[in-house]
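Q: Listed below, chain by chain, are the residues.
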Amino acid sequence: MNSVMADLSHAWPEVYILTMACVLLVVDLYLTERFRFVSYLLAQVTLLGAAMLTLGQMGGEGTAFTGAFVHDAMSDILKLFIYLVSAMVFLYARDYLKARNLLKGEFYMLGLFGVLGMMLLASAHSLLMLYLGLELMSLSMYALVAFNRDSPVASEAAMKYFVLGAIASGMLLYGMSLIYGATGSLDVATVAQAVTDEGVKGQVIRFGVVFLLVGLAFKLGAAPFHMWLPDVYQGAPTAVTLYLSAAPKIAAFAMFIRLLVDGLSGLVADWQQMLAVMAVLSLAIGNVVAIAQTNIKRMLAYSTISHAGFLLLGVLAGTPDGYAAAMFYTLTYAIMAAAGFGMITVLSRAGFEAEEIDDFKGLNSRSPWMAGMMALIMFSMAGVPPTVGFFAKLGVLEAVLAVDMVWLALAAVFFSIIGAYYYIRVVKVMYFDEAADESPLEAAVDTRIVVSANALAVLYLGLFPGTLMAICNAALGA
Amino acid sequence: MSFERILFYLFAAILVFAALRVISSRNPVHSALFLVLAFFTSSALWILLEAEFLAITLVLVYVGAVMVLFLFVVMMLDINFAPLREGFTRYLPLGAVVALVIVAEIVLVLLRGFDTLSGGAPAPKPADYSNTRAIGEVLYTDYLLPFEIASVILLVAIIAAIALTLRKRPGTRHQDPGKQVQVRKSDRLRIVEMKAEPRAGRAES
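Chain order of the listed sequences is A and B.
Mind the numbering: the first sequence is residues 1 to 478 in my numbering, read in order.
Mind the numbering: the second sequence is residues 1001 to 1205 in my numbering, read in order.
A few of these clues could be false.
[What the hints assert, rightly or not] Here are the simulated DSBU-like pairs of lysine-lysine, each with C-alpha atoms no more than 35 Å apart in a straight line: (1) B:K1179 with A:K98; (2) A:K104 with B:K1179; (3) B:K1185 with B:K1195; (4) A:K160 with A:K361.
Source of the hints: derived by calculation from the structure; they are not laboratory data.
In this text, all values refer to a predicted model and were calculated from it rather than measured experimentally.
Using the sequences plus the hints, can you model the full thing?
A: Below you can see the structure in the form of structure tokens.
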């Protein structure tokens, strides 16, 4: 009994989120439509409480549940950002869902279970837990994409996502089983030990790594495993796209670190090459194809692919500096993505989806403040100083240059410059085009405040990136 | 070649054949039955690996429960599978080429050696060794967290299935048994006072 309590002492935030999600499940049954906002409040309280618990645990370290669960500085930071981004997502989603009669407790329940899956990924220290955390997160996301049952596009997107996700899970499992066969253990620490101790005699483990990377790249949305991403981002309700685009990227980053760095760092020369190919392809496809998009959700989906390429660049550097840069990139990207899609929900209203880039036409004349915020987000995604996107890209490029992969850094810069075009096109449309509809924005006051704070955070982090960078360095021992 | 190895190749061959037939047979019922065969042979392989408990669970759960349900569904829903197969032959050459390339690559990689790091077969267990007991001993102790999370995944599956299917569509009709029981005669029957119809022939007098 004592040992279980000792194990649980590292996992209080997870226990709390699970309990609260179950409470929400029951409470929501007894709520009438008028009081549905209680579900929303409960979800926010849950995230706030989990953040307090995680903050209370900061500084502690250790493994629990016979090594399956690890609690360290990285897991704490990632979890805090997962709560923060999810809380923003829940807020932006509220009015959007309400206007479409989709505001149901299930959105927040599935959202919380997805958050639980992401937290487990951040803390997973065995192949089994990585898989289970991933499935928990993915299953919640599949259901959320299909959430609006009256929309055939959403159902189609969910179907695509589900089938391709199942194939990717199969790939990942196959890779894990090969690694288990080669090393005789599911525990990440033991696998790492086996790889470094005995050297890599066989091809089996490399063979397994290929399948692992395919599965991971699919979940992250890196090319050439990105096919699902534009369709799912476009088809899902914007509130769900918002959810998909932000916090799960943090979890995907955690997966890369736990598997490749904690587990397979002895094979860095092998996965480095594969990641390099995927990174360049992601940058190329993401930035070039995005130019042709007229739908802003689809455009941001391609932008996600290109950002995934940057994240991979940081990881493939194979140095603590590189990992820290990738972590900084991921965290700031999650904030930018939440703000970007949040802005789309702010512009949408009952019976109107602000999905096309043309819907942003003349935003400056409708709401100069919101137009300014959107411009800030777009500049940050493009990587224009002094926004945080610039520093995130700079950090990753520095890490890549530090290990003498100049051609990779050049490719990244080249494609980023191409990418700047389509971000800045949105800014041009907002400021220099005539508005097609002049109706004022309808977003609630708290949503406006948080979206503004979110966008200003992008500027603030760009002006003062030191603290977050230091946190990332500390978390990854750089 | 030992007897065990012969058995392994026999079962493996049947398994691959059955798996191929699952995706190639025209009749969905046949596909489901071949899947049953595939489960049976893979459970035989597990017995060769001395995992008796898991082998029997596989047969009980997958063959006994899941596949029977699956057969029910296939037989009850009269799905016409022909349209689903459209384009199969058109994409077959490309798919076959890709598959062949992948198989060739896998063979090339594995021919260079498939040795494991901490390899070797595990030592055989004594005759009175109980698989069931061994699983029971670790399932709620060492594997407590994965076990709990697996149950959470099932819970999410339940929530998702209900959230996606239980909805009020326009046009569906629901019964309310409470209302039906409480119905009174006066709610349904109305006695209308009417003048007696005048007999034909005597009218307009």
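Q: Work down the list of hints and note, for each, if the structure agrees.
A: Cross-check of the supplied hints:
A threshold of 35 Å between alpha carbons decides the hint, and for K1179 of chain B with K98 of chain A the separation of about 31 Å falls inside it, so the pair holds. As the CA atoms of K104 of chain A and K1179 of chain B are separated by approximately 27 Å, the hinted pair is consistent with the 35 Å bound. A threshold of 35 Å between alpha carbons decides the hint, and for K1185 of chain B with K1195 of chain B the separation of about 24 Å falls inside it, so the pair holds. Taking the CA atoms of K160 of chain A and K361 of chain A, the gap is near 32 Å; set against the 35 Å cutoff, the hint holds.
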